[in-house]
Amino acid sequence: MLEVRDIRKIYNPGDVTEICVFDGFSLAVPDGEFLSIVGSNGSGKTSLLNLICGSIRQDGGTILVGGEPVDRQKDYVRARRIGRVYQNPALGTCPQMTILENLSLAEGKGRPFGLSFGVRRGRIEYYRDLLRDLGLGLEDKLSVKVGSLSGGQRQALALLMATMTPIDFLILDEHTAALDPHTAETIMLLTDRLVREKRLTAMMVTHNLRYAVEYGSRLIMLDKGRVVFDCAGEEKKALKTEDVLGLFNRISVECGN
Amino acid sequence: MLDVLVSALTQGLIYAILCYGLLISYKILDFPDLTVDGSFPLGAAVTAVLITNGVHPLLTLPIAMLAGALAGLATGLIHVCLKVRDLLAGIITMTALFSIDLKIAGSNLPIPRGTDTVFTAPFLDRLFGPVSLSLKKLILSCVIALAFKFLLDLYFKTKSGMLLRATGDNSVLVTSLAQSEGKMKILGLVLSNSLVALCGAVVCQEQRSFSSTMGTGQMVLGLASVIIGLTVFKKLSFVKLTTAALVGSILYKLCIQAAILAGLDPSLLKLITAILFLAILAVGSLERRKGGKARA
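Here the protein sequences come in this chain order: A and B. Heads up: the first sequence begins at 0 in numbering that gives the first Met the number 0, then just goes up one per residue. Heads up: the second sequence begins at 0 in numbering that gives the first Met the number 0, then just goes up one per residue.
Incorrect hints may have been included.
Pairwise CB distance ranges (calculated) [stated by the list, open to error]:
id : chain 1 : residue 1 : chain 2 : residue 2 : range
1  : A       : 127       : B       : 283       : 33 to 43 Å
2  : B       : 65        : A       : 115       : 18 to 28 Å
3  : B       : 233       : A       : 122       : 24 to 34 Å
4  : A       : 18        : B       : 150       : 43 to 53 Å
5  : A       : 66        : B       : 76        : 28 to 38 Å
6  : B       : 233       : A       : 114       : 29 to 39 Å
7  : B       : 29        : A       : 58        : 25 to 35 Å
8  : A       : 18        : B       : 233       : 38 to 48 Å
9  : B       : 107       : A       : 16        : 49 to 59 Å
Computed footprint of chain B on chain A, listed as stretches where at least three residues anywhere in the stretch have a Cβ under 8 Å from a Cβ of chain B [to be verified]:
id : stretch
10 : 92 to 105
11 : 112 to 123
In case anyone wonders, no lab produced these hints; they're calculated from the structure. For each residue, glycine too, the CB sits at the ideal point set by N, CA and C.
Whole structure, please, built from the sequences with the hints as guidance.
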């Protein structure tokens, strides 16, 4: 269970560029939920993810994971229980290192990185199976540097690496936005499969309304730091992309976007 | 002629240790670390004072490394904890070290005749037998340069070493792996500056003197060597970074020696190094613009 309680966040306080993103924002995400978050630019979607991950600090309110406040934890401490995939496929992998080295790093997440041998040779077969499941032909490229892979391949690898160790939350920050439509679809299917198989709690920010409607168990729409639409369960299953698009357009017109 | 070649080779091998240090800070961590200009003479100052006070020359080397490690730690803490920009953090430590070096060893400290250095210590005679001093210097510097190359190669394959490489490659991933990026940067600077100080110590013992200005330009010199090495082996992906640094260092010293033989005024050395370095950087960035090299 993730709870965001009464969050306040102001960028550049006291400056002419001061922007209040959240003022008393609350959200609860129960375990096992796959939450899609949509909203116009500047509505606070990415800020919300950054606050949860600890990349930025809130000015008020509290964030609880499993009932425990995590406000005092640094971003890398919170990362033990969070897997995050970014819009930019380059952020989830090390370009100068091989696939094998990247996977070895990912599997050591959260544990001390000492002076034992870094590449896990004994795990090669396991890694190969994981890569084969991606269906991208990466299983024969373990010694290839990740920098030479395509954006889609890198994003698939990033997704795999983010979910390799047991995590409480998977945070997806527009993770298909930089990919071509076909590759984006592949990555979405892979995401859905990983979330189901590993029974992950996931939060996905996306601008693709169809993905937000088709995938996940709950959908919320943010506008000016407030939840303006929230639907789950049977209601979510009956939801159509056009309905969300209509609502989205109405709200965007109201705020002049 | 052979003497000159041996001497240039020896210099190249000794300065390879400095290049390993810069390889870690500049190439692996992507941190332009000017601490180098201060930690290099720091190592020399420490070793000079210890040797003249009768400490075994071999023992002074790890102590010099420790001093360099502290210098790296200082820069790391200034950068990570106080959030001072990388370049400025290095400059602050470098400036402070100048006074510290003066306090440790004064502005000049020759190692007196009759005092043994690692190159004249009796244990070398037992190991190598009766060979000339310049050959002893060549063999010993080769042993040191190769030993540290293999140690570093080994380290880069450990979990810690891989995470260090990842820190320069993609610091966001390091945070995602639930590791502190700041700690890794500090670790890298500590390693790098301990190597630089070791190089300073060996140079001091080789030339039998410390001077407070011996650090000036060492960072640029080391970087120029590292980049020469990396450029030479650009097309060969299987060549290790440490090998590139070692070869780059030797090539650089050979070039400089050749230039001096051809009649270059030695007082122009640092100017030439700076111009050479600028030329390498300019060519590199032009190539990147032309080729649109994808490196994200």
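Verification of the supplied hints:
Judged by the Cβ atoms, the range 33 to 43 Å given for residue 127 of chain A and residue 283 of chain B holds: they are separated by roughly 37 Å. Separated by about 25 Å at the C-beta atoms, residue 65 of chain B and residue 115 of chain A satisfy the suggested range of 18 to 28 Å. Our hint of 24 to 34 Å for residue 233 of chain B and residue 122 of chain A holds, since their Cβ atoms are close to 32 Å apart. Between residue 18 of chain A and residue 150 of chain B, the C-beta spacing of about 51 Å keeps the proposed range 43 to 53 Å intact.
Roughly 36 Å separates the CB atoms of residue 66 of chain A and residue 76 of chain B, a value that falls within the hinted 28 to 38 Å. The hinted window of 29 to 39 Å between residue 233 of chain B and residue 114 of chain A holds, with their beta carbons roughly 31 Å apart. Checked against the hint of 25 to 35 Å, the C-beta distance between residue 29 of chain B and residue 58 of chain A comes to roughly 32 Å, which is consistent with it. The given range of 38 to 48 Å is respected by residue 18 of chain A and residue 233 of chain B, whose C-beta atoms sit roughly 46 Å from each other.
At about 55 Å, the CB distance of residue 107 of chain B to residue 16 of chain A agrees with the hint of 49 to 59 Å. Given a C-beta distance limit of less than 8 Å, the hint that chain B covers the stretch 92 to 105 of chain A holds, as 9 residues qualify and 3 suffice. For the stretch 112 to 123 of chain A, the stated coverage by chain B holds: 7 residues have a C-beta nearer than 8 Å to a C-beta of that chain, and at least 3 were required.
In summary, the structure agrees with every hint in the numbered list given earlier.
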